[in-house]
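Enquirer: Each chain, letter by letter, is given below.
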Amino acid sequence: MSKAIEVKNLKYRYSDDSLTIDDISFSIEKGSYTTIIGHNGSGKSTIAKLLLGLLEKQSGSILIDGIELNYENLDQIRNKIGIVFQNPDNQFIGSTVRDDIAFGLENHCVEREKMDPIIESFAKKVNMTDFLESEPTKLSGGQKQRVAIASVLAMDLKIIVFDEATSMLDPTGKREINRLIKELHEENEITIISITHDIEEVAQSDNVLVIDNGRLAMSGSPEKVFSKEKVMVKMKLDIPFVYKLGNSLRAKGVKVSNTLDLERMADEVCQYILKK
Amino acid sequence: MNNIALGKYIPLNSFVHKLDPRTKIIAMMFLLVAIFIPVGFTGYGIIGVFLIIALILSKLSFSFVWQSFKPTLFMLVFLLAINMFIIKTGDILLTIGTFNLYSGAVIQTVYIVLRLLLMIVITTMLTATTKPLDLTMGLEDLLSPLAKLNVPTHDIAMMISLALRFIPTLLEEAQRILKAQASRGVDMESGSFKEKIQAILSLIVPLFVSSFQKADDLADAMEARGYVVGAKRVRYKQLKFTFSDFITLVAVIGILVGLILLKVL
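Sequences listed follow chains E and V, in order. When we follow our numbering, the leftmost residue of the first sequence carries the number 1, and every step to the right adds one. When we follow our numbering, the leftmost residue of the second sequence carries the number 1001, and every step to the right adds one.
Fair warning: there could be bad hints in the mix.
Said to hold, decoys possible - Below, a list of computed lysine-lysine pairs in the DSSO-like style, where the Cα atoms sit at most 30 Å apart:
id	chain 1	residue 1	chain 2	residue 2
1	E	138	V	1214
2	E	114	V	1070
3	E	80	E	49
Claimed, not checked - Per the computed footprint, the stretches of chain V lying under chain E, defined by three or more beta-carbons under 8 Å from a beta-carbon of chain E, are:
id	stretch
4	1086-1099
5	1208-1222
Just so you know, these hints were derived from the structure itself, not from any lab. From the three backbone atoms N, C-alpha and C, an ideal C-beta is built for every residue, glycine too.
Just chain V, with the same shape it has in the complex:
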């Protein structure tokens, strides 16, 4: 579980880590839009340079980003294979028997690879440099206009942050149950498929029961400390929009507008 780089927070102290989560979410959305403006390699080049600068500023290692990119490699080979047979534009690069490889197929595949690579770098940078809770808080703030439409943004944010808070606790619990069941002779590793399913059930059922117990206790604890669903409360943690946020947003908007102009002109 630990080698999955996608979505994992890396605690470092960098320029990007210190940015307001709201800035990072907005920047991510703008950049994702920018990727889909078809201006060819110039566009990818501009976004790429920006991301490399950001990556250096974030102090994340290139190998970390590469790790999150690896799972998609298989898909890319698959895409190339399909493109080779379907796209028949551009010059013929190679002829094997009756099969012709067109330059259009190669260029299209490279486009897809680049787009995916850029998207993965962007999202990885967001999740790797922002604590899940800060991300929730940023989302809550950005969604706050929806509260006027009676969307319970506070409650949703509270639910997400509680879920995040209880992930390690539930993992611990699962490990404890696993050990307890193993000591009673449950074999999780070997056996037929059917036996494995049964073994997993012996983990899931107690885990469910204890989760409900925990939820009950937690609700009592929250209520006892004065939490009322939907009531007005003061938020302790505040997000701060600083000068570096301003610069980042200007840069991102600059890229987006620039690419649109390139396309139009």
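Just chain E, with the same shape it has in the complex:
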């Protein structure tokens, strides 16, 4: 598989003197689902903005779908990568759902006759067909985030970044959005990068990047990352309960596998007790 994103020796600092992004390198496979975790202020959102070219990198290189990101080809890059931000209100640009989805299409100079079918099909995809004429103040946070997702999808992108897209939502909204992200990943060949605090979401991804203090602290499958409980706790990160349980059991000599499935864990524990 070829790479959707390749980042090499990326460095960035805001006006103060310490590096916010301190020499980070990673690559992301096409069509994969990657989560980026790290405690507040670790530089996760800065990475997202750098990938989109919203902030200008100071050194290192970023390749998006094989194209080196620089200030001359930003429009080309933005035909490939899109982002859903954290705050549902501040990224709602149009005055109605329909206008908001149309905004990106207008910028990409899609023919006017083709806009309506595109808008309708993506509104359907995120289940917002009944709200096409609604104004943002009449929508819930989860609905606004779904519109944001539809707006990004409508632009026919290969890579979508979710920058803590669920952190301002209530549990129902969070679950809906997580399900939608998972669906998108499975049905379409969209590469997903999700910056998140939500451990359950991390568990459903293919790949995890752990950022600590502007550096890449760990990367690998969720199972691999979660098995290093001590390192994670040191970086003020949580791991799912099932993992914690598994890790503690193994430490006590109970042989259970590294799984996220609570049922399976229960079965294995029962079997262990029976064998005893």
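Following the hints, position chain V against chain E.
Expert: Using the frame of chain E, we list chain V on its own:
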């Protein structure tokens, strides 16, 4: 805030609502010019009849128009008082001691009242029957010849529509801050003038900070979706000039030309 009728959009489905905003803006301008052609009561009568027909077609209630007219009543009484002392033409209608009331004063005041009334009805009808965004779009189209003179009409229209889009969001934010400050003991309602000013500051400063944050986020979101200032883009919403627009414009131009002829002949 909600009882201010001036400038408020009333969502109805009527002939006037469906007109192209451009037609309505042009019609408004022509009618405003027509009001100032001095042909006396005949002119006001013609415009008045036209407006009453339009008002019925727009399905707006007369009481709604009256509401927007009410704030100007005070001014009219004031004008009448001044006119009584200044204008000394026509016949003497009334004598109280050494003071004479002339018919000219009364007629002049009635003229002003009628003009104001007509102007308010016209502008109220425009804003009440046209969504702010459509109004912006209409203005953008009408101003588009200025783009040749390097006036950034697209950018101005984008700014206005974003401002309109964020009014309810900022109102919500203001209410949230108000509640948050009230829960911390800020008293907005009572206290001396100085204390009230200080209380309002505790609302305005956080509101400003969050507005800048919002503007920053919005700029990022717009840029990420491919918006480039000044770049060519396709406009999704198009205005449509229909047969009813044609009829309306013909009628308005007819009134304007008619009044000018009346004045000249």
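Enquirer: Please go over all the hints and tell whether each is borne out by the structure.
Expert: Quick rundown of the hints versus the structure:
no. : hint             : verdict
1   : 138(E) / 1214(V) : holds, 19 Å
2   : 114(E) / 1070(V) : violated, 48 Å
3   : 80(E) / 49(E)    : holds, 15 Å
4   : 1086-1099        : violated (count 0)
5   : 1208-1222        : holds (count 7)
The structure shown violates the earlier hints numbered 2, 4.
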